[in-house]
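Just so you know, the sequences run in chain order A and B. 52 is the number that numbering that gives the first Met the number 0 gives to position 53 of the first sequence; each next residue is one higher, with no gaps. 29 is the number that numbering that gives the first Met the number 0 gives to position 30 of the second sequence; each next residue is one higher, with no gaps.
Just so you know, these hints were derived from the structure itself, not from any lab. Just so we're clear, the structure is a prediction, and the values are computed from it rather than from any experiment. Take the hints with a grain of salt, since some may be wrong.
These stretches of chain B come out as covered by chain A in the derived footprint (C-beta under 8 Å, 3 or more residues) [stated by the list, open to error]: (1) 15 to 23; (2) 63 to 72; (3) 98 to 108; (4) 120 to 130.
Simulated crosslink set (DMTMM-like; lysine to aspartate or glutamate; CA at most 20 Å straight-line) [to be verified]: (5) A:LYS28 <-> A:GLU114; (6) B:LYS123 <-> B:ASP69; (7) B:LYS123 <-> A:ASP98; (8) B:LYS54 <-> B:ASP66; (9) B:LYS123 <-> A:GLU88; (10) A:LYS30 <-> A:ASP125; (11) A:LYS123 <-> A:ASP20; (12) B:LYS123 <-> B:GLU68; (13) A:LYS123 <-> B:ASP66; (14) B:LYS54 <-> B:ASP2; (15) A:LYS79 <-> A:ASP45; (16) B:LYS123 <-> A:GLU84; (17) B:LYS123 <-> A:ASP20; (18) B:LYS123 <-> A:ASP86; (19) A:LYS113 <-> A:ASP32; (20) A:LYS28 <-> A:ASP125; (21) A:LYS79 <-> A:GLU132; (22) A:LYS30 <-> A:ASP98.
Ideal Cβ positions, reconstructed from N, Cα and C, are used throughout, including at glycine.
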Amino acid sequence: MNSTLIIVAVLALATAYGLVDRRRAGTIKAKADSRHSIAAHEIGSDLGESATVLQFSSAFCTPCRSTRSTLTSVIAHYPKIKHVEVDAENNLALVRRLDIRQTPTTLFLNSAGKEIARAVGAPKRDQVINALERI
Amino acid sequence: MIDSRGPRWSAGLTSIVLIVALITRSPVIIIIQLVQFGIGAFAGPPKSPYAWLYKRFVQPRLSKDFDSEDLRPPQFAQFVGFIFALLATVGVLSHTWPLFTIATSFALFAAFLNSAFGYCLGCKLYLLGVRFRRV
Chain A
0 MNSTLIIVAV
10 LALATAYGLV
20 DRRRAGTIKA
30 KADSRHSIAA
40 HEIGSDLGES
50 ATVLQFSSAF
60 CTPCRSTRST
70 LTSVIAHYPK
80 IKHVEVDAEN
90 NLALVRRLDI
100 RQTPTTLFLN
110 SAGKEIARAV
120 GAPKRDQVIN
130 ALERI
Chain B
0 MIDSRGPRWS
10 AGLTSIVLIV
20 ALITRSPVII
30 IIQLVQFGIG
40 AFAGPPKSPY
50 AWLYKRFVQP
60 RLSKDFDSED
70 LRPPQFAQFV
80 GFIFALLATV
90 GVLSHTWPLF
100 TIATSFALFA
110 AFLNSAFGYC
120 LGCKLYLLGV
130 RFRRV
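Use the sequences and the hints to build the structure in full.
If you want it as structure tokens, here you go:
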């Protein structure tokens, strides 16, 4: 096959994928039907009084850092909500049980530790505020 | 911690080199890229030839105010690139053109995404890899 055609096809596919991925990344999706419930001992930390924001991170992940600073700064305004960050690689049993496929993945847990929403990729600040207001 | 613009600039140069490789099918070009990926993956991105070019010719012209990033995400991406470049090199040396074209196209896809969108390959692939490896 003509190499120019291949190059154009690869660049077009990469651009399309990059645009879709950028739009989708970090969107917080409500998980009304989620059966996942997390106990304090599984994350090595107490749950927050009214809610917990559980962030899964890994060493090879640049957006994990910006996610941490977004969540920390938003949650500072909610004294009863706790931000917990865990290393995905060191918690593989939990990662498999919760079906975490990439980092950062952020779970929003209610006071009982039940998952009520999830964001795959770095969540946006206003969406985090919205999600916390709904808890 | 490194200048986060460095790996994206290197990925841009990588994309150009891979496009030239696809057009010319030159062993020399793909081996240059293989060496770049190899040094980046095993000695660290700052020791690679493209990083040297970036520091010598590009960084002095850019703003001194930049985002820093952990070394490990770009190093992981260089390792993924190394695997594809290795397959492409085997393809070009054995004249197995489908192998060469497919491996180089995958490397171009990833390098272009990284350069144009700041795509984090380690975020998507690393955890999946560990999950499957340590079942």
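Hint check:
1. 15 to 23: holds (count 3)
2. 63 to 72: holds (count 4)
3. 98 to 108: Result for this restraint: holds, n = 4.
4. 120 to 130: holds (count 8)
5. A:LYS28 <-> A:GLU114: Holds, because 11 Å separates the two Cα atoms, which is no more than 20 Å.
6. B:LYS123 <-> B:ASP69: With Cα atoms ~17 Å apart, LYS123 of chain B and ASP69 of chain B stay inside 20 Å; holds.
7. B:LYS123 <-> A:ASP98: 13 Å, holds
8. B:LYS54 <-> B:ASP66: 15 Å, holds
9. B:LYS123 <-> A:GLU88: 13 Å, holds
10. A:LYS30 <-> A:ASP125: Holds - the C-alpha atoms of ASP125 of chain A and LYS30 of chain A are around 19 Å apart, at most 20 Å.
11. A:LYS123 <-> A:ASP20: The hint holds at about 14 Å.
12. B:LYS123 <-> B:GLU68: 17 Å, holds
13. A:LYS123 <-> B:ASP66: Cα-Cα ~18 Å, so holds.
14. B:LYS54 <-> B:ASP2: Judged against 20 Å, a Cα distance of about 10 Å means the pair holds.
15. A:LYS79 <-> A:ASP45: Holds - the C-alpha atoms of ASP45 of chain A and LYS79 of chain A are around 12 Å apart, at most 20 Å.
16. B:LYS123 <-> A:GLU84: 18 Å, holds
17. B:LYS123 <-> A:ASP20: Holds, at about 11 Å.
18. B:LYS123 <-> A:ASP86: 15 Å, holds
19. A:LYS113 <-> A:ASP32: 10 Å, holds
20. A:LYS28 <-> A:ASP125: Holds, because 14 Å separates the two Cα atoms, which is no more than 20 Å.
21. A:LYS79 <-> A:GLU132: Holds - the C-alpha atoms of GLU132 of chain A and LYS79 of chain A are around 12 Å apart, at most 20 Å.
22. A:LYS30 <-> A:ASP98: Roughly 13 Å between the alpha carbons, so the hint for LYS30 of chain A and ASP98 of chain A holds.
Comparing the model with each earlier hint shows no violations; every hint is respected.
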